[in-house]
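No gaps in the numbering here: position 139 of the sequence shown is 139 in full-length UniProt numbering, and each next residue is one more.
The hints are simulated quantities; they were obtained by calculation from the structure and are not laboratory data.
Just so it is clear, the structure is predicted and the values come from calculations on it, not from any experiment.
Glycine included, C-beta positions come from ideal geometry on N, C-alpha and C.
It is possible that some hints are incorrect.
Simulated restraints on C-beta separations [said to hold, decoys possible]:
#1 PRO14 <-> THR159: 33 to 39 Å
#2 GLU163 <-> PRO14: 22 to 28 Å
#3 LYS34 <-> ALA117: 18 to 24 Å
#4 GLU54 <-> ALA79: 24 to 30 Å
#5 ALA15 <-> ILE57: 17 to 23 Å
#6 GLY56 <-> ASP107: 19 to 25 Å
#7 PRO50 <-> PRO9: 16 to 22 Å
#8 CYS151 <-> ASP87: 40 to 46 Å
#9 VAL155 <-> PRO9: 21 to 27 Å
#10 GLU76 <-> ILE143: 41 to 47 Å
#11 THR159 <-> ALA15: 33 to 39 Å
#12 PRO14 <-> MET154: 30 to 36 Å
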Amino acid sequence: MILVTIHVPLKDVPALITTQRVLRTIRLASKAAKMFKLTAPRIAVAGVNPHAGEAGILGEEEGKYILPAIRQAQTEGIAVTGPYPPDTVFHSAYKGQLDIIVCMYHDQGLIPLKMIAFDTGVNTTIGLPFVRTSPDHGTAFDIAWRGIAGCNSMVEAITMAFELDV
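Please work from the sequences and hints to get the whole structure.
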């Protein structure tokens, strides 16, 4: 999963959904696929509105910004499809039918990830000139210095950084 917007309030997300930003993220998803050695990556784009906007009934972002980005990426040779309803696209990924989902905002992508990999999730920044990974949990100030924090996500982040850098 890769995010179009990162740590912004939900109220600000619609204004940040632009064709250029979505296209840039699709390109980064394609780059990530190569980093992870996916030979024929299946990249899907989630809509931002319920049911991916229902052809404009529930929002215009899909038709106005997201679909043009997908079409442009396809002309560049990127195998990407969508926009898909955000509430169902993750099920397809969970069943192994998709490799990468382009998500429009933080919680859209992170809730499904943390449901299945809370203790082992890894954050990877794509597009930097070096490998950057980190545990995919927050700062955990609520449990700091209490002796109850687990190390699994950190171990996974270090392992992934090593594997990507080899």
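Hints versus structure:
no. : hint                         : verdict
1   : PRO14 <-> THR159: 33 to 39 Å : 37 Å, holds
2   : GLU163 <-> PRO14: 22 to 28 Å : 37 Å, violated
3   : LYS34 <-> ALA117: 18 to 24 Å : 22 Å, holds
4   : GLU54 <-> ALA79: 24 to 30 Å  : 26 Å, holds
5   : ALA15 <-> ILE57: 17 to 23 Å  : 21 Å, holds
6   : GLY56 <-> ASP107: 19 to 25 Å : 24 Å, holds
7   : PRO50 <-> PRO9: 16 to 22 Å   : 19 Å, holds
8   : CYS151 <-> ASP87: 40 to 46 Å : 33 Å, violated
9   : VAL155 <-> PRO9: 21 to 27 Å  : 32 Å, violated
10  : GLU76 <-> ILE143: 41 to 47 Å : 44 Å, holds
11  : THR159 <-> ALA15: 33 to 39 Å : 38 Å, holds
12  : PRO14 <-> MET154: 30 to 36 Å : 35 Å, holds
Comparing the model with each earlier hint shows violations of hints 2, 8 and 9; every other hint is respected.
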